[in-house]
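Got chain A; can you put chain B on it based on the hints?
There are 2 protein chains.
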Amino acid sequence: MPDVIPDDSVGIVEPQKIEFSEPLKLQCGRTLEQYHLMVETYGELNENCSNAVLICHALSGNHHVAGYHSMEDKKPGWWDSAIGPGKAIDTNKFFVIGLNNLGGCHGSSGPNQINPETGKPYGPDFPIVTVNDWVESQARLADYFGIEQFAAIIGGSLGGMQALQWSINYPDRLRHCMVIAAAPKLSAQNIAFNEVARQAISQDSQFYNGHYYEKDEVPKVGLMLARMLGHITYLSDDGMRNKFGRELRSGQISYDFTPQFEIESYLRYQGERFSTAFDANTYLLMTKALDYFDPAADADGNLSGILEKAKAKFMVISFTTDWRFSPERSQEIVDALVEADRQVSYAEIEAAHGHDAFLIPIPRYLDVFSAYMQQVEADTKAVFFGGNA
Amino acid sequence: MPDVIPDDSVGIVEPQKIEFSEPLKLQCGRTLEQYHLMVETYGELNENCSNAVLICHALSGNHHVAGYHSMEDKKPGWWDSAIGPGKAIDTNKFFVIGLNNLGGCHGSSGPNQINPETGKPYGPDFPIVTVNDWVESQARLADYFGIEQFAAIIGGSLGGMQALQWSINYPDRLRHCMVIAAAPKLSAQNIAFNEVARQAISQDSQFYNGHYYEKDEVPKVGLMLARMLGHITYLSDDGMRNKFGRELRSGQISYDFTPQFEIESYLRYQGERFSTAFDANTYLLMTKALDYFDPAADADGNLSGILEKAKAKFMVISFTTDWRFSPERSQEIVDALVEADRQVSYAEIEAAHGHDAFLIPIPRYLDVFSAYMQQVEADTKAVFFGGNA
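Taken in order, these protein sequences are the chains called A and B. According to numbering that gives the first Met the number 0, the first sequence is numbered sequentially starting from 0. According to numbering that gives the first Met the number 0, the second sequence is numbered sequentially starting from 0.
Since the hints were derived computationally from the structure, they do not count as laboratory data. Remember, predicted model here, so these are calculated numbers, not experimental data. From the three backbone atoms N, C-alpha and C, an ideal C-beta is built for every residue, glycine too. Please note: incorrect hints may appear among the correct ones.
[To be verified] Listed next, with one range per pair, are the computed distances between beta-carbon atoms:
#  : chain 1 : residue 1 : chain 2 : residue 2 : range
1  : B       : Ser-253   : A       : Ala-298   : 34 to 42 Å
2  : A       : Ile-11    : B       : Thr-319   : 51 to 59 Å
3  : B       : Glu-327   : A       : Phe-144   : 47 to 55 Å
4  : A       : Lys-308   : B       : Glu-246   : 22 to 30 Å
5  : B       : Ile-11    : A       : Ser-249   : 21 to 29 Å
6  : A       : Asp-2     : B       : Asn-241   : 53 to 61 Å
7  : B       : Glu-246   : A       : Val-337   : 21 to 29 Å
8  : B       : Gln-269   : A       : Asp-297   : 28 to 36 Å
9  : B       : Tyr-207   : A       : Ser-264   : 23 to 31 Å
10 : B       : Asp-124   : A       : Gln-269   : 47 to 55 Å
One chain only, chain A, in its complex shape (with noise of 0.2 Å):
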């Protein structure tokens, strides 16, 4: 609900739904025979389409990722902080693309669209998705908008993960490979959370094994719980102590079941919100999807050496309280990378954020952010100028 539209923003955006009708094999073996992806953009592409940017999003995000979508919008798109004129992705100078992924719930093939082959809901018959699908698909994007070789990919935690892979898949399609907050797998108990995530939902009595669009119901709890959890690992300790410590809501405890502390609601207000706004088949497929990145796996959990394929430069941040995929798990892409004698540059930020963190202004992480995005520019005025990078 901006009264005015910020200098520095991107402005009034218009989600754009894109088709696809040449068939997508997927790694789970089953085939999206057509597709769709909702998808915007930010500032121009240039004559030679060589100041593209992709934003890969994390597990609840989607392609309204900077602007907003009318003047009575509460808020501006999720990583609004980051892009616009001016901002560390400068849409004067880049060419911006946010798209939502394959099995997403906010306008693209998923779950909660119609199938076009039984005219209902996909439900839970939308085939699980990799971050190498979202890859595919993300190709035949760039193919649609005539680029051949992105300035940068860029994604925080999940997104980080898809610019990974991008660099191993598509070598020749990036120059620069931004990877935020990211692992470069999950550990045992990121996957512990995801299942327990994954368990509130699927047996949430209002459930129906997926099939919960036909009835007049939402698993609502089972999200609520998922949120919550997941909320829990985007904080961290430190700044659930600075944002809530033990405060009383009332001021006094009163000794029954209601919320006494302020942690507590925030944590339900969250979860409620979110039951509403998210599709829960989504959800399972995006932590599905989580479980199973791991880029090393076909080359026996030998990462630098499937990195010795990537070409692109790559950035990789981290933030201190970040528990969810801690630095020493950035860390873990940087020594492959340095192993495979790719170029890379490392940044671990100060924040007490968490997890978080990386959709959080922070001003060193934007400072950060914005120095490496000015290299992102020089390669591309050399391609401009007929060099290629």
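Relative to the frame of chain A, chain B by itself:
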């Protein structure tokens, strides 16, 4: 199911139910007019009742601390590794008391027991109980046995909190206080995990506001989720990695929602087993007791000030990979005790097992434990020969 009872076991033990008819005023303002506690004891109480050790249990523990109930028992009591003839808590020397706390679900007055006033299970009408209430009920239990002063009060996790509260509430009634893997109060993150567990249970469609005893159902899913989540916080990331890594159950990915990774099966198994063995209302009460524990609350958060009351000698133990109650949290207790000029020993045990370590027979842990218990024994002998520590 021991073929033969091991020599260092307390052997076959029998719980006893002890009735208390003096009304107990609780911290929440309500009064239990009468109540009973399930208790086990091991070893012999000496003539001057100076060799008694009280074991306080954690969230899901109970009175069955050591030994077997029958030759058919698959497992001994929950802390059998530490209690028995020649073990750290040597039952040849000490008289050991284990109890199920008020509000528990293993036979003491609690939600699943009959409310004598109504003839029906208490259910959700059982009052909120706090660590202070437990200390009070345990003091009456000591009176019942004629124990004026415990040789030691010992507990891990929530049990350690009870031991700490004892040292404040009844400074003259314990000579040693052993606080293991505990914290002086919960952090916002700790409370957050508890709140997700409570929501999982209370929003389960089979919870019926806690009145499920009258139905032929229990909130299995909620309890399962609570336990799965609990297990994640009991194990360390490292411990999980060592134990489960990313091992696939069947050796290959099936691209569906069946359990793929070992950690998923483990958590589901643990969760399901717990969901039929534990009471949902008790789980809610226990987590509330944790949330509310804050012995310094009445002293404006001045823990060392409140601990000046204590007269016991303290042993504080933490475990390196415990992230539920990390070594830093134990050090807060140690620092407060030092500031209060109390006698305190502290050991941080190297262990990969996370919070669960306090239940595991880690050699160095048991060595430290045994060594400290020798001091407890020496002080006990001093009492026996007429002194009083």
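Inset, instruction - Compare the structure with the hints numbered earlier in the document and write down the numbers of the violated ones, lowest to highest. - result: Those not satisfied are hints 1, 5, 10.
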